[in-house]
Amino acid sequence: MENVHLTDEQIQNYFDGVCEANEKIFIKGHLQTCADCKKELEKLTSIDQIIKAEFKITPLSFNLSDKVAKTIFKREKRPVAIPAILLHVLLILSGIVGAGYCLNLSLHDSSIMLILTVMLSLLLYFFMSYSEIRKLQIKSKMLA
Amino acid sequence: MQEEDEKKLVKKALSGDQRAFKTLVDQYERLVLHIVSPLVGISQDREDICQDVFVKVYQGLSSFKHNSRLSTWIGNIAYNTSVNFLRKKRAFLLDDLKISGNENDETIRTDIAPLSEYSEFQELITPEQELVKKETRLSVSEAIDKLPKLHKMTVILFHYEELSLKEIGMILNVPENTVKSYLFRGRNKLKDLIKL
Numbered sequence: 055m056e057n058v059h060l061t062d063e064q065i066q067n068y069f070d071g072v073c074e075a076n077e078k079i080f081i082k083g084h085l086q087t088c089a090d091c092k093k094e095l096e097k098l099t100s101i102d103q104i105i106k107a108e109f110k111i112t113p114l115s116f117n118l119s120d121k122v123a124k125t126i127f128k129r130e131k132r133p134v135a136i137p138a139i140l141l142h143v144l145l146i147l148s149g150i151v152g153a154g155y156c157l158n159l160s161l162h163d164s165s166i167m168l169i170l171t172v173m174l175s176l177l178l179y180f181f182m183s184y185s186e187i188r189k190l191q192i193k194s195k196m197l198a
Numbered sequence: 683m684q685e686e687d688e689k690k691l692v693k694k695a696l697s698g699d700q701r702a703f704k705t706l707v708d709q710y711e712r713l714v715l716h717i718v719s720p721l722v723g724i725s726q727d728r729e730d731i732c733q734d735v736f737v738k739v740y741q742g743l744s745s746f747k748h749n750s751r752l753s754t755w756i757g758n759i760a761y762n763t764s765v766n767f768l769r770k771k772r773a774f775l776l777d778d779l780k781i782s783g784n785e786n787d788e789t790i791r792t793d794i795a796p797l798s799e800y801s802e803f804q805e806l807i808t809p810e811q812e813l814v815k816k817e818t819r820l821s822v823s824e825a826i827d828k829l830p831k832l833h834k835m836t837v838i839l840f841h842y843e844e845l846s847l848k849e850i851g852m853i854l855n856v857p858e859n860t861v862k863s864y865l866f867r868g869r870n871k872l873k874d875l876i877k878l
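Protein chains in written order, with the numbering used here: chain A, 55 to 198; chain B, 683 to 878.
These are calculated hints, taken from the structure and not from any lab test. For clarity, every value in this text was computed on a predicted model and none was experimentally measured. Positions of the beta carbon are idealized from the N, C-alpha and C atoms, including for glycine. Heads up, some of the hints might be wrong.
Said to hold, decoys possible - Taking lysine-lysine and the DSS-like style, the derived pairs with C-alpha atoms no more than 30 Å apart in a straight line are:
(1) A:Lys92 / B:Lys873
(2) A:Lys110 / B:Lys877
(3) B:Lys771 / A:Lys97
(4) A:Lys106 / B:Lys873
(5) B:Lys690 / A:Lys97
(6) A:Lys128 / B:Lys690
(7) A:Lys121 / A:Lys78
(8) B:Lys689 / B:Lys747
(9) B:Lys848 / A:Lys124
(10) B:Lys873 / A:Lys78
(11) A:Lys121 / B:Lys873
(12) A:Lys92 / B:Lys828
(13) A:Lys124 / B:Lys873
(14) A:Lys124 / B:Lys877
As the list claims (entries may be wrong) - Interface residues of chain A toward chain B, partial, derived using beta-carbon atoms under 10 Å:
(15) Val72
(16) Lys82
(17) Phe127
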C-alpha cells in the first residue's frame, strides 16, 4: 500500500478544498508520509503563488469607467430632451391656434401672440435645470 | 466587496448616480478583462466588448435581484457577450483555435458551438505543443497564454480572482464538474510549461 500514490485529481480536489471529509482525512494522512505526493501538492501551491505574484494582463488603453459613463449618460439624454421639446412646442402651437380661432383674432395678431408665447415657453424650458429633468425621468423609469 | 456595500452601490447607480456607476465599473473592470481577454485576445474588439459589457450591466441593473454575487452576474454578462461576439466571427475563431490549441476536450467543444465545427484542426496544433515543451521555462503570463481559452480563463478566475468553482460555473453556464475538468487540465499543462 505504501507505493500507491494519490491521483492528480485527489491532490487537486484536496488543494481546491472540494473533497469529502473522509477523503480529506485520508489524503492528509497520506501526505504526511508520502514525499512524492507532497511534492505534487507543493507544485499546485507554487502555481497559485506564481499566478498571484507574476500574472499580468494588458490593461485597456483608455479609462473604461469614463468612457462607459459618457456613452450611457449621453445615450440617455437624447430620448429625454428631444421628445420633451417637440411635445412642448406642439402643445404650444395647438394651444395658440386654438385660442386664435376661438378669439377670432386676425392672422397678424395670432402670429405675434404665437411668437411671443413660444419664446417665453422656451425660456422657461431652459431655466429648468437639466438635473431636475433627469431626476423626474429616473423616477418614472423606476415606477414603470 | 461586502454584500451590503454592493447593494448600496447598486442602489446609488440605479438612482442615476454617475459616480456610483463609475465606481462599479472600476471595481469590476479587472474581472471583466480576465474573462474577455482570454476569449477575444488583446485587440480593439476587446476594448469594444468591455464597454458593451458595462452598458449591458447598466441596462440590466434594475433586474439584478442579488440572488448571486454582483461579480458572478457581471462575469456572466462578460462571458456571454464574448461568446456571442466569437460566434459572429467564425473566421477569427478558427485562426485562434490553430494558435491556442484545444486538446481533446469534449466539454469545451460543446460549450461554444463554432469550436466543434473545427475539431479537425486539432491535429494542426500538435507540433506547436511539442515545440512548447522543448522551450525553456516560460513566464507565467506566457504560459497561461498558451492554454486553450476556457482553461486559461478558468485558471485566471480561480487562482487570480479567487472565485470558487461554483461561481466560475455560474459565469460560464456550466456545472461545477466541468469547471473542475478545465482547471485540472489547465493546471497540468501549466506545470509542464513553467517547468515545475
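How the hints compare with the structure:
1. A:Lys92 / B:Lys873: Holds, at about 15 Å.
2. A:Lys110 / B:Lys877: 19 Å, holds
3. B:Lys771 / A:Lys97: Status violated; Cα separation ~38 Å.
4. A:Lys106 / B:Lys873: Holds, at roughly 15 Å.
5. B:Lys690 / A:Lys97: 41 Å, violated
6. A:Lys128 / B:Lys690: 24 Å, holds
7. A:Lys121 / A:Lys78: 49 Å, violated
8. B:Lys689 / B:Lys747: Holds: B:Lys689 and B:Lys747 sit about 10 Å apart, inside 30 Å.
9. B:Lys848 / A:Lys124: 34 Å, violated
10. B:Lys873 / A:Lys78: 23 Å, holds
11. A:Lys121 / B:Lys873: With Cα atoms ~39 Å apart, A:Lys121 and B:Lys873 exceed 30 Å; violated.
12. A:Lys92 / B:Lys828: 27 Å, holds
13. A:Lys124 / B:Lys873: 44 Å, violated
14. A:Lys124 / B:Lys877: Violated, at about 46 Å.
15. Val72: Holds, about 6 Å.
16. Lys82: 20 Å, violated
17. Phe127: 6 Å, holds
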